[in-house]
Every structure is written in structure tokens, then in C-alpha cells.
Amino acid sequence: MGYCFAAAVTAEDALKAKAISWVMVGGLAGAIIGPQLVIFTRDAVAGTPYVGSFLSQALLPLIALPILLMLRTPSQTQAEAVADSGRTVLQLLAMPRYLLAVAAGVVSYGVMAFVMTAAPVAMVNHGHSVDNAALGIQWHLLAMFGPSFFTGRLMVRYGKERVTAVGMVLLAASGVVALGGLGLSHFWGSLALLGIGWNFSFIGATAMVTDCHTPAERSKAQGMNDFFVFAATAAVSFLAGSILHSSGWQAVNWMIFPALALILVPLLWQAARKPALPAPV
Numbered sequence: 001m002g003y004c005f006a007a008a009v010t011a012e013d014a015l016k017a018k019a020i021s022w023v024m025v026g027g028l029a030g031a032i033i034g035p036q037l038v039i040f041t042r043d044a045v046a047g048t049p050y051v052g053s054f055l056s057q058a059l060l061p062l063i064a065l066p067i068l069l070m071l072r073t074p075s076q077t078q079a080e081a082v083a084d085s086g087r088t089v090l091q092l093l094a095m096p097r098y099l100l101a102v103a104a105g106v107v108s109y110g111v112m113a114f115v116m117t118a119a120p121v122a123m124v125n126h127g128h129s130v131d132n133a134a135l136g137i138q139w140h141l142l143a144m145f146g147p148s149f150f151t152g153r154l155m156v157r158y159g160k161e162r163v164t165a166v167g168m169v170l171l172a173a174s175g176v177v178a179l180g181g182l183g184l185s186h187f188w189g190s191l192a193l194l195g196i197g198w199n200f201s202f203i204g205a206t207a208m209v210t211d212c213h214t215p216a217e218r219s220k221a222q223g224m225n226d227f228f229v230f231a232a233t234a235a236v237s238f239l240a241g242s243i244l245h246s247s248g249w250q251a252v253n254w255m256i257f258p259a260l261a262l263i264l265v266p267l268l269w270q271a272a273r274k275p276a277l278p279a280p281v
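Here the sequence shown is numbered in full-length UniProt numbering, starting from 1 and rising by one per residue.
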């Protein structure tokens, strides 16, 4: 998330959505390299499986360090900082558009994490192999980050709210597919739609946040957004296992629809107020 906002800060206003989208493309490489790295390093420390995997994952961010050292973000002068100290957190949360952007991020990430956490366990519980469960998650990860190549362009063309709303619809579609049966195609199809829906809705919501603050308010607005998004994600990740154990896979998927409907209505209302850009000639 920090990388996404840093990219948005350094980009021109017209390119912010594309900048966020391109940062998310990096997740595509992570979806491929990460699992393989775990496999190759899990026995690197003799007698203690997976310690090597955790150590290798911890060292990965160091690869980005030389690139980050070259990053130059615009900074306010002291006079600008005094002139524009920005609104308080409560004042930001009182803004309907900012509140909608944060809520969209919370719902999109929360729904994705809720279903994704339960899915591999549900697959094994319903007779599918561990390998098929792992493959389903890998396809899900590819679906999460693959669309990032063009998500930014879609937001520029159709608007952030429209793309975010489409993402919410795709998240709902993943639930419909999951409720359609317990076969491998149902699980894999649901996870693929879940990934694409997350990409559209979460990148769109993140881009909406960048429209809601001044440079002086950046840290507060983005920090509060991250707090709500990842606090909710942690909570639903724990909840997913409990719901799956007590009520089953079907209940997990039924529970996502009220949250999606709650955020989709104001998103569509906002989208209707903003005309899409004309198609390029």
C-alpha cells in the first residue's frame, strides 16, 4: 500500500490511477516467484522446516532498497506546511467521498480475504487434493494482479467509481459461482472472479482516496485508510475459519452479499454523477 501511494504522489494527477495500477502489477511476479521461493528454501535450515522460507521472504524487500533510495517525492516548503496544515482525521472522515473510498477499500479487501482464507480448507474438506487447493490459490493470485496492466486505463476512461463498482459486482459473482456447487470448477472459477473483482474494486478505492486530500493531509488520509483496511482484513481472516468450521462453505459465501450491496449502492450513485470520458477517436 505504501508503494501504491508513493507512486500516486510522484505521478501527475491524470496518471495517478495508472501509477497505482502499475505498482500492483508487481504482485503478478510475487504470485509466481513467492510460492516457488517457499518450495526451494523450506528445508534450507536443517531440522526445522520452513524457517528458510520465512527468512527468504524477510530478505526479499531488501531487493527493492536500491530502487527506493532513488525515489524522489515532492515535499512541501515550510511556508506551505504552515499555510495548509490540513483537516483533522475526524474532518476527513466526515467527507462523504473519503468515507466512501475507505469503505470501498475495507469491503473489497475484507471480502477477498474472508473468502480466500476459507477456500483452500473448504476444497480439502470437500474431497479435493491439497495440490488442487494450492493451484486454485495460485490462479487466484494471478487473477488478483494480472488485470493491473489495464485497470489504470479503465479508470481513466470510465472513472474510478465505475471500475470500483464493477469490481464489487465481480466479487458478488464469485459468491454466486461458489454457491453453484462444490466441484473443482466451482472453486477455481469463484477464486478467479474473486481475484479480478478485488483488483478492480481495491485499486479503484485506493485511487479514490488520493483524490480526497491535500498534500498536507496525505499522511493522515492514507494512514487512516490503511488502518481501517488492514484491521478489517485481519479480523475477517480470523472470522473466516470460525464461520467455515461452524456453518460451512455455503455460509461463508452468503455472508459477503450484504457488505457488497451496502457499498455498491452509494458507488453507483457517485458513478452516475460523473460522466465517463468520450471514447478516443
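Incorrect hints may appear among the rest.
[Stated by the list, open to error] For each label pair, taking beta carbons as the anchor points, the in silico distance ranges come out as:
| id | residue 1 | residue 2 | range |
| --- | --- | --- | --- |
| 1 | ARG157 | GLY26 | 19 to 27 Å |
| 2 | ASP131 | LEU90 | 46 to 54 Å |
| 3 | PRO49 | PRO215 | 26 to 34 Å |
| 4 | ARG72 | VAL121 | 25 to 33 Å |
I should point out that these hints are in silico values taken from the structure, not numbers from a laboratory. All values derive from a computational prediction rather than experimental measurement. Every residue, glycine too, gets a C-beta built ideally from N, C-alpha and C.
Could you tell me whether the CB distance from ASP131 to LEU90 stays inside 46 to 54 Å? holds (50 Å)
Between ARG72 and VAL121, does the beta-carbon spacing fit 25 to 33 Å? violated (45 Å)
Look at the Cβ atoms of ARG157 and GLY26 and judge whether their distance stays inside 19 to 27 Å. The hint (19 to 27 Å, Cβ to Cβ) holds, given that ARG157 and GLY26 are roughly 23 Å apart.
Whether the CB-CB distance between PRO49 and PRO215 falls inside 26 to 34 Å: violated (48 Å)
Of the numbered hints given earlier, the model fails hints 3, 4; all others are met.
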